[in-house]
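Chains as they are written, first to last, in the working numbering: chain A, 348 to 613; chain B, 348 to 613; chain C, 348 to 613; chain D, 108 to 366; chain E, 108 to 366; chain F, 108 to 366.
In short, the hints are calculated from the structure, not lab data. All the pointers check out, no bait thrown in.
Below are the DSS-like pairs computed for lysine-lysine, each with C-alpha atoms no more than 27 Å apart in a straight line: (1) E:Lys281 to A:Lys353; (2) A:Lys524 to E:Lys282; (3) A:Lys352 to E:Lys281; (4) A:Lys557 to D:Lys305; (5) E:Lys228 to E:Lys278; (6) A:Lys360 to A:Lys569; (7) D:Lys289 to A:Lys353; (8) D:Lys223 to A:Lys353; (9) D:Lys223 to A:Lys561; (10) A:Lys557 to D:Lys357; (11) A:Lys557 to D:Lys364; (12) C:Lys419 to E:Lys316; (13) F:Lys278 to C:Lys352; (14) C:Lys353 to E:Lys228; (15) A:Lys572 to A:Lys369; (16) E:Lys282 to A:Lys360; (17) B:Lys369 to D:Lys282.
The lines below spell out each chain.
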Amino acid sequence: MMAKKKDEIEYVKNGKRVDGRKVDELRPLKIEVGVIDRADGSAYVEWGQNKVLAAVYGPREALPKHIQNPYKALVNCQYRMATFSVPDRKNPRPGRREIEISKVCSEALAKSIFIERFPNTKIDVFVQILDSNAGTRVAGLIAASVALADAGIPMRDLVAATGVGKAGGEIILDLNKEEEDAPDAVDIPLAILPGTEEIVLLQMDGLLTKEEWKKSIELGIKGCKQVYEVQKEALRKKYGEAEKETAKAREPSAKETKPKKEEKVN
Amino acid sequence: MMAKKKDEIEYVKNGKRVDGRKVDELRPLKIEVGVIDRADGSAYVEWGQNKVLAAVYGPREALPKHIQNPYKALVNCQYRMATFSVPDRKNPRPGRREIEISKVCSEALAKSIFIERFPNTKIDVFVQILDSNAGTRVAGLIAASVALADAGIPMRDLVAATGVGKAGGEIILDLNKEEEDAPDAVDIPLAILPGTEEIVLLQMDGLLTKEEWKKSIELGIKGCKQVYEVQKEALRKKYGEAEKETAKAREPSAKETKPKKEEKVN
Amino acid sequence: MMAKKKDEIEYVKNGKRVDGRKVDELRPLKIEVGVIDRADGSAYVEWGQNKVLAAVYGPREALPKHIQNPYKALVNCQYRMATFSVPDRKNPRPGRREIEISKVCSEALAKSIFIERFPNTKIDVFVQILDSNAGTRVAGLIAASVALADAGIPMRDLVAATGVGKAGGEIILDLNKEEEDAPDAVDIPLAILPGTEEIVLLQMDGLLTKEEWKKSIELGIKGCKQVYEVQKEALRKKYGEAEKETAKAREPSAKETKPKKEEKVN
Amino acid sequence: MDDVIWDLRVDSAVKLIKEGKRIDGRALDEYRKIDIQNHISETAEGSAIVNLGKTRIVAGTKMILGTPYPDSQDQGTISVGAELFPIASPSFEFGPPKAAAIELSRVIDRGIRESKSIDFKDLCITEGEQVWIVFVDLYTMNDDGNFFDAGSIAALSAMLETKIPKVEDGKIVKKEYSGKLKLSKKPLLCTFAKIANKIVIDPTLVEEKAQDARFSVSTADDKHLCAFQKGEQGSFTRSEIDECIEIAFKRGKEIRKTL
Amino acid sequence: MDDVIWDLRVDSAVKLIKEGKRIDGRALDEYRKIDIQNHISETAEGSAIVNLGKTRIVAGTKMILGTPYPDSQDQGTISVGAELFPIASPSFEFGPPKAAAIELSRVIDRGIRESKSIDFKDLCITEGEQVWIVFVDLYTMNDDGNFFDAGSIAALSAMLETKIPKVEDGKIVKKEYSGKLKLSKKPLLCTFAKIANKIVIDPTLVEEKAQDARFSVSTADDKHLCAFQKGEQGSFTRSEIDECIEIAFKRGKEIRKTL
Amino acid sequence: MDDVIWDLRVDSAVKLIKEGKRIDGRALDEYRKIDIQNHISETAEGSAIVNLGKTRIVAGTKMILGTPYPDSQDQGTISVGAELFPIASPSFEFGPPKAAAIELSRVIDRGIRESKSIDFKDLCITEGEQVWIVFVDLYTMNDDGNFFDAGSIAALSAMLETKIPKVEDGKIVKKEYSGKLKLSKKPLLCTFAKIANKIVIDPTLVEEKAQDARFSVSTADDKHLCAFQKGEQGSFTRSEIDECIEIAFKRGKEIRKTL
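With these hints in hand, go ahead and build the complete structure from the sequences.
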């Protein structure tokens with residue numbers, strides 16, 4: 348791989364990408380719910396080589412008091428990369444990139460939560476990247492959203508996300524690192540609320556025509572919806588059966604005792 | 348200029364300095380009042396190559412509470428140089444020099460303000476150097492004082508300031524960078540309240556005899572008074588005509604509606 | 348000394364160590380009480396080449412309020428090395444080593460104090476190393492403990508401390524720098540409450556068998572007790588005579604006016 | 108008190124926008140007056156003050172000698188930084204840069220970097236040894252909203268006038284220059300606010316306080332997008348995004364001509 | 108409310124320990140179940156997640172090229188860092204490392220360093236010029252007490268699988284390796300809590316809240332101690348310390364076999 | 108309570124000064140007793156503790172190898188730093204240096220630097236490659252006012268005994284020295300407080316709390332001034348400044364003889 352120069356690579360050849368995927372194919376995605384005992388909610392995501400852990404603490408009192416908002420909860424998502432998750436050791440202190448990603452992810456998640464129900468509180472969402480290969484912010488975001496659901500926080504919808512973009516002149520879904528390093532690469536992190544297709548996170552880097560953009564967003568939304576199915580399935584795995592049991596044990600009160608859980612997955 | 352060695356330069360030749368000025372001549376000085384819309388008061392100063400912006404916010408509540416002084420306002424002048432205002436890019440973080448200058452400027456300005464009238468508050472004065480060529484702290488100080496006046500803060504007097512010192516054995520007013528780099532250079536930033544000639548800022552660097560000091564302070568005070576005239580003229584330009592109009596429109600109440608403005612310029 | 352390689356040095360030869368001491372001999376130790384006028388209590392320690400100053404401020408209100416403990420005083424010992432106290436200039440900012448030492452010393456001192464008598468307060472103990480040659484943390488700790496006594500803070504007992512360990516295969520008391528640099532060196536900082544022999548600080552670095560450990564702790568406790576005598580003597584020098592005088596002047600009230608002083612030295 | 112006034116202002120801005128109007132009389136897709144003063148600092152290699160209505164920001168460039176990154180031995184680099192300098196607003200404070208300032212810096216940086224208008228190979232002096240780092244630093248001077256676009260124009264204006272210092276024996280010769288910084292394109296950021304389900308360009312401070320969501324589009328030239336940034340807690344529909352892109356190309360083209 | 112629950116838990120833990128029992132049914136000198144997952148990061152040169160009961164921590168290593176210290180020109184070095192990452196507990200916060208995290212880092216570091224299991228001369232590439240720095244970074248993932256021992260096992264596990272990158276012309280060749288990091292011993296930390304004058308190994312979070320004092324013993328192998336750390340405001344008697352040492356050798360030997 | 112006592116002390120200091128007297132019986136232009144202990148640290152290249160009455164401060168020097176600045180290839184440099192170390196006063200705190208400590212450092216630094224008593228060319232080892240940096244670090248030990256003058260004397264005393272380490276092959280040979288740091292002059296700072304319109308030299312802590320303004324004069328020798336610093340919110344008249352200068356020359360001359 349190192350022998351071939353980047354501008355000699357055919358990024359899509361006979362409908363196959365460098366790692367054998369089709370243009371509209373996600374890397375293997377695996378989500379596990381409820382992996383951190385002390386957290387109010389948590390999730391673990393493996394997406395290609397990316398490995399991500401997310402935990403939710405809250406809603407809890409926002410301190411110091413002057414940061415409290417009397418109309419809504421603050422959503423404080425902190426995205427961090429482990430020092431060993433990148434080829435050259437990352438400085439342990441959070442960098443400017445991590446701070447920006449934390450900000451846009453906080454904003455995307457806030458849209459998905461009924462934050463107005465929790466005035467004066469904050470909801471902390473911690474996202475830790477343990478291994479990386481392009482697309483960590485969207486991997487972090489879907490882990491965070493599932494962790495919020497696991498925490499029983501009332502939500503409009505899950506946040507589903509994926510990368511989409513261009514490499515070697517082709518519009519492709521979920522770029523890996525090699526594709527992201529293409530000379531003409533364009534990377535578009537995208538997150539939506541799948542129910543309404545509202546766009547809650549959108550960034551872009553690289554040269555793209557309007558036509559290419561239209562193809563990209565089309566493909567990206569399709570990708571988000573695939574991710575959404577995996578998110579729901581992971582939650583169902585934990586809560587589907589639990590709820591069946593709950594339903595059996597306690598009868599009409601089930602809804603009231605776990606009202607938040609119901610809202611979040613649809 | 349680079350060809351000639353510093354110790355071969357004649358810093359005053361036939362009564363003329365390296366930039367053609369006389370020994371007691373200031374560099375061209377231009378002051379504009381009220382240049383920042385959001386600020387309570389502001390001023391822009393061009394003094395030779397120096398370009399300085401000053402803004403005043405306050406008096407406003409001093410926070411956190413434990414910094415409040417029940418007898419007077421805190422005067423918090425922050426002097427900062429833009430990264431591109433010096434030949435080698437300045438580190439964006441404030442350096443020790445900037446912190447020291449901020450301290451002595453805060454103290455000089457405090458003397459000029461009736462701070463005892465605003466207990467528990469602070470008056471923030473921000474000074475930003477956009478371009479520099481020796482003498483930025485005095486340029487910042489006169490901008491700050493005019494900005495305080497523009498904010499309508501009651502003052503004993505304006506703070507007038509200039510550099511004075513020695514280069515090539517001659518006592519000269521308002522040294523430029525080339526003069527400040529003379530092998531025997533002495534730089535004396537000086538600020539006074541012109542009405543009483545009280546010295547509110549005085550620093551000095553370099554070897555100076557008592558006799559040279561006497562010549563310097565003489566020349567420096569003369570220089571401050573020239574600066575004072577430019578400061579007053581700049582304020583008059585903004586307020587003089589406004590006050591005439593005000594006087595016409597509203598009659599006896601004019602004094603009461605703008606009491607602070609009147610105090611500040613005499 | 349530099350000519351000889353470390354692994355050729357005989358660290359104990361004919362019962363004498365490299366600096367002429369016996370294996371169970373401390374370096375010369377000198378303690379002076381009450382050396383900092385502004386402090387509530389203070390002490391100066393010279394121990395071999397080590398020179399240490401300690402000052403106590405408090406008990407005083409712990410601020411901000413949320414750090415207060417309603418059941419006991421916080422003991423905040425801050426150990427710092429002067430930049431010039433080590434061969435290569437130390438960075439002025441506290442390093443991780445200094446922070447760890449501050450933590451274990453705070454904990455050791457806390458055990459010696461009746462902290463439960465001073466709820467919501469903190470006791471600040473500042474330790475400054477002016478010159479160093481192995482064993483500064485234990486020198487700092489004994490200075491701190493004497494300073495606490497000098498501050499009249501009620502204590503269970505003094506904290507007595509010493510280094511002990513191994514060099515050139517021999518178990519020796521109070522290692523100096525050359526011994527600490529032996530290829531097989533083991534350093535064991537140890538602090539006890541001498542009355543009960545309770546161990547309040549214990550660290551260790553280097554390879555040591557169980558048998559060597561037993562010899563070390565034996566020797567270390569003996570060493571601590573020697574140190575303890577010097578500590579008591581120093582306090583007696585300041586307070587012994589003062590108390591005699593006090594006893595003469597005021598009669599039965601002496602005990603009540605200085606109750607805390609009495610508790611601290613036994 | 109101050110808050111009450113701002114709330115009233117926000118209310119009236121929202122009300123007007125619902126009717127397709129704006130407080131200052133602009134059309135929803137209309138920029139405020141753009142005024143650029145170049146060469147405001149002799150010490151900087153390039154500089155500009157931009158007034159976007161009452162919003163004002165200053166940019167200055169410094170060309171600094173550095174060593175190349177191990178994986179791009181024949182390339183220099185650029186670095187754009189913006190500070191929310193407290194001179195510009197009663198709500199800004201000194202201190203380490205907060206998320207808002209970092210986002211502003213990085214969005215302006217990406218808008219320029221991703222346009223590939225600067226060939227980083229042009230910034231190489233000696234391969235593997237010495238390269239140029241172009242520092243572009245922005246300081247806010249008066250806040251009336253939309254520092255994104257004002258900063259983008261200021262950064263570009265300062266870069267367009269940037270002189271490259273002469274280098275001899277690996278050192279900069281002061282006050283002598285070997286040429287100008289080459290830019291093959293003029294990338295421009297257009298920022299939109301979504302207020303009451305309408306899209307307005309170049310929001311003022313009041314409009315920023317009223318916005319549900321923000322979207323910035325950088326166009327590298329009349330045909331290419333080069334950066335996006337969606338911000339704030341609201342969302343956009345696909346057609347809203349497309350609308351922003353259309354307007355960004357149109358306004359970008361107009362502004363580009365004037366630079 | 109939360110505090111009350113913890114107080115009750117602490118009370119019952121103390122009560123049980125007085126009777127020689129523990130909440131989770133363990134003997135006083137018994138570890139929780141240790142579960143190690145290796146190779147959890149491809150990017151790291153070595154990595155491991157360790158579960159000690161419910162306590163979970165992850166370690167990863169990076170081999171970085173550096174220059175030797177002036178006084179040890181033929182030696183590389185190691186650096187162990189641990190962060191009390193807020194993902195693991197409602198009581199951890201982001202920010203500059205506090206004393207507790209620094210102590211944790213330094214005790215794990217010393218446990219490995221002082222065992223001399225790594226010959227720093229093996230880390231030399233070119234004497235006086237280039238050496239390896241082995242960074243071992245630990246992130247807490249779930250706090251149920253005793254990050255000291257869990258971290259020590261995780262650090263050791265990650266180091267045991269660490270590959271040494273290939274170096275050509277003084278640069279790392281990506282994804283190629285010249286061998287593995289050599290460890291001549293398997294140093295292990297055993298941590299004890301003193302609760303109600305009894306000594307328990309591997310304290311849970313509840314037991315940590317109940318403890319008067321903490322003592323950690325690192326054994327380099329079955330015969331050698333290599334580090335101690337006494338912590339917290341309580342004290343130990345000599346015989347308690349000796350008891351800890353005995354158990355540390357015993358448990359260290361058992362765990363060592365499984366690695 | 109504490110504050111009340113200090114207020115009373117300040118009141119009585121002011122009252123006395125109005126009558127031309129001082130609490131401790133000194134004349135207005137008289138220093139407290141100056142006591143200097145040299146060589147207090149063997150590790151430092153030079154060191155001194157200075158007692159100015161009850162005010163105490165310690166200075167130590169370290170000679171460090173560095174590279175010259177690009178614009179002065181044949182010159183080393185000095186760096187003076189002072190910390191308001193909390194050991195010295197209940198009102199000092201640890202943390203990043205605040206403005207007061209920075210001013211203290213810089214005024215002492217300028218007093219020495221601007222006297223030209225050290226020829227920076229003497230600090231050059233190999234032109235363009237290696238030079239000495241003389242670090243002078245000051246730590247406050249007891250605060251009874253006027254750390255400016257006490258610090259200036261301590262810094263000078265430490266520098267006067269500073270040994271220059273021997274350098275071989277670009278490295279320091281430990282515990283061997285090639286000579287002493289050369290100082291051609293003995294610059295001294297004299298600090299004055301303006302209280303109740305009188306000028307007093309060497310103010311105690313109570314007098315500092317009473318002062319309207321502070322003025323420091325550094326004399327390089329008996330004929331030359333070399334630095335000024337006016338501080339605090341009050342002002343000085345020209346004749347007051349001249350009075351300070353006269354006294355500074357007189358007292359400087361006396362103290363200089365004793366060093």
